Amino acid sequence: MASGNRSQTAQGLALVAPPLGYAVLVLAAPLLTILAYSFFKDGYLTVVREFTLENYRTVWSDPIFHKIMLRSLGVAALVTLATVVLAFPVAYFLSFAVSPQKKAMWLFLITIPFWTSYLIRVFLWKVILGYNGVINSGLKTLGLIEQPLTFILYNVNAMVITLAHAYAPFAILPIFIALEKIDRSLLEAGRDLGESRAVTFWRVTLPLAMPGVVAAALIVFIPTIGDYVTPALIGGGKIPMIANMIQAQMLDLDNRPMGSALAVTAMLIVAVISLAFVALNRRFLGVRQ
Amino acid sequence: MTTQNPGPKTTAAHRAAMAGARPMIEIRQVQKHYGDYHALRGIDLTIRSGEFFSLLGPSGCGKTTLLRTIAGFEDISSGVVLIDGQDMQEVPANRRPTNMVFQSYAIFPHLTVAENVGFGLRRDPRSRAEKAAAVEQALEMVGLKGYGSRASHALSGGQRQRVALARALILKPKVLLLDEPLSALDRKMREQMQVELIKLQRQVGITFVLVTHDQEEALVMSDRIAVMFEGQIAQMDGPEALYARPTSRRVANFIGVMNFLPARVLGETGEAVQIEAPGLGRVDIPMANVSRADPGDAGPSVGFRPEAVSLLATGAQTANRVAGGVIDEVVYYGDMTYYDVRLDGSAGFDGQARPVRIAMRNVFGREVQDVGTRANVSWSPGSLVLFR
Amino acid sequence: MKGGGLRAYALVYLLFLYAPILLLPIFAFNSGTIIAFPLKGVTTEWFAQMWGNASLRRALTNSLLIAVSSSILATCLGVFAARASTRFAFPGKGPIMGLIMLPLVLPEIIVSISLLVVLLSLGVQLSILTVILGHTLICMPYATVILSTAFNSLDRSLEEAAYDLGETRISAFRLVILPLVMPGIISSLLMSFTISLDEFIIAFFLAGNEPTLPTYIFSQLRFPKQIPMIMALGTVLVLMSILLLTIAEYFRRRGIAKTGAKDTGGFL
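Protein chains in written order, with UniProt numbering: chain D, 1 to 289; chain C, 1 to 388; chain Y, 1 to 268.
Keep in mind that the hints were calculated from the coordinates and are not lab data.
One or more of the hints may lead you astray.
[Claimed, not checked] From the derived model, a few chain Y residues whose C-beta atoms are all more than 12 Å from chain C:
(1) Pro25
(2) Ser69
(3) Leu165
(4) Leu180
(5) Met182
(6) Lys225
[What the hints assert, rightly or not] Here are some chain D residues pointing at chain Y (derived, C-beta under 8 Å):
(7) Phe88
(8) Trp125
(9) Leu149
If you're wondering where the values come from, they're calculated on a predicted model, not measured in any experiment.
Note that beta-carbon positions come from the ideal geometry of N, C-alpha and C, so glycine has one too.
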């Protein structure tokens, strides 16, 4: 360990080299390739290596792209909102009302569904919500309805329910961790200083839990906006989201520059929204954290 | 302090024996930089064989860095470290004749007590049975006989400390390094371990180097103490000399409590310096008690320990000098009472009142005085230290 | 007790989480070929059908091969990354670790499509090897996070103590660090295995003609006749997941007990 600063640096770099090399080769290089492609021209089945901004021009002026991008954003935003709002009370319950010995068991119970086949879970929501699905057939058997309900099938609502279910644990865990970190005496101080329970929650607990809420929102928002399976299965392929569109351009139409431009644009939009969200939150929270 | 102290380390015989021992650790002009931070600024130090040596100072003074430099965990920027006459420059920590007791004890949680103690014997050519016997012996030495098969994470703080000691001592190092080994223990346990460490060191005869920020701990245990501030050694001396004759106000303040009064130097002979101090009058301070002032000091000052002076019972006679005053504050500690006394005329040169603290043992028959009563303070010139 | 209303809500929420999973065995044993109520009768036919299905077996073999390889590779890379990030300071640490963790926050469609484009333009034949490449990439951040927690909870002086007691840096790692992070390594292996086994998009794009379990399921979902068998398969998969997770949880707790640390609970 006879270790000056220089050898510390050298050892650190030597250790990080294998994972870094892997990430560069398998992640960074492909991403840069996509970026480069997005500025190339499309020849039939080939890529013409000539610089152009045409792909981006098309992407930005294409009404279909607009529609799909907005739908993806809308679905992701709704899913994020639903997941976080539904998850917060559960995380709060876990952190404040469950005895310490039982917390691990609750977390375990919450994470199990997350580890079961994503595809089958998505498909089962189709089964539950479908025309002859569990809800409709169940309600019909009970004689509550004559005709199947249709507002829950093959539409954005169904996608939101499915995705909210799929990413639920992602929302609970960060909020739970943030709540666990709150010094309980702060809450007692809040009460001691004359605030009611509700006001203490509003003025002390919620602001301190915000970092967890933000993490939860981002962790749900990013994968949902790029989800491929749910639109394909639940939406019946008729209401595609951005991932389905990228796939169609890249593979079905074999227009790689166009597909790349779509992917880069989508990535940029996601990045800008995420950063804006984080920045907004940081400002709202002041210097805390 | 403790009643079972195995004997004063400050006896003349002990000091003479120590002074004659050969050097074990020699540190010459050692510098250590961390980037812009200058952690050690020219350390010169000789620790003798068999000595119990302490590095004492506030956190961030460089004492731990110096210890880790001896252990080989830190490279030095320049200078020389010799252990038993051998240059350690190219010797890595795992081949140095030193072993360390870490502040956190660093007991391997996945191993039993015996496996922890025998950890360093892996490359030892002895048979398994001989090693087991050595482990048992080491455990016995630290008072953990029969604990070998226990899981180490279930041990108490004091027991962990003992395991760490046994684990280091079983390798028979030339030097045992102890990094704040008692700071994690509660007060009772700490005092007990201090005594045990002294006994253990006598028993094994190994050079101990202790890092601590606790001045009392250093005074109790050490043959010699180096007081460090900001990467430099401010004073190096035996406990008694360090306490009685600190060479600077900073050392005096760090070790125990000292009263300071501003002083005016009147003259100087070969044997003494004559000064005048408010409340005390004119005093001749012997040359041995003259130290230097720190750069930040306002001017010369004279200092004395709270227990070096005493409150005179009314009507009592003394051969010492006496100063009158009024009791300002009384703090009762059970065995001791501390009095803050405003000496007559102590407002001094600048008109500021400076009460001095006086410690009195609450022996049978002595009454605790009240605030506001007049008191006579008896003192002698030999108990003053001049900083100029 | 303030937990009353919240507890009821949490239980309803759990029911929502488990609703699809609870339906799985119901339809897996239902003799009707249409997935709807009312139920017809009890049968184990779908399990038999699943057992005799050759392409399913092939998909399963592929998936296991991919999951085992990716989890080992990702965990090895994760050990390096976690060790570097918890123990050493080096220039560019932030961006470097950022790149390694990037797949966590990147939609999988982007990862898979960009990798696909590169592989195709390099003329690489798509196979289970290319899927392993992709799965290792997305499992690496999870492995790094789990292992960083394991490395971080180690007192640094343990390593120094081993070194001080005469071991070399490598033997100190083997004798002290490795046994103490072993529970983390096992968690990382299990987690990576589970992620890889269930991953669809990368397998969908990078597997070429080779089926994996998820792509096989996806292809069969279009045929209503096959659905009951898929329900049976799903039931088996859920049971396997629960078993794996229980083993992972057991090792995590044992690791905590071994070092005498406090249980802070949970994965992720």
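Outcome of the hint check:
{"no.": "1", "hint": "Pro25", "in the structure": "41 Å, holds"}
{"no.": "2", "hint": "Ser69", "in the structure": "29 Å, holds"}
{"no.": "3", "hint": "Leu165", "in the structure": "4 Å, violated"}
{"no.": "4", "hint": "Leu180", "in the structure": "6 Å, violated"}
{"no.": "5", "hint": "Met182", "in the structure": "9 Å, violated"}
{"no.": "6", "hint": "Lys225", "in the structure": "55 Å, holds"}
{"no.": "7", "hint": "Phe88", "in the structure": "11 Å, violated"}
{"no.": "8", "hint": "Trp125", "in the structure": "6 Å, holds"}
{"no.": "9", "hint": "Leu149", "in the structure": "14 Å, violated"}
In summary, the structure is inconsistent with hints 3, 4, 5, 7, 9 from the numbered list given earlier, while agreeing with the others.
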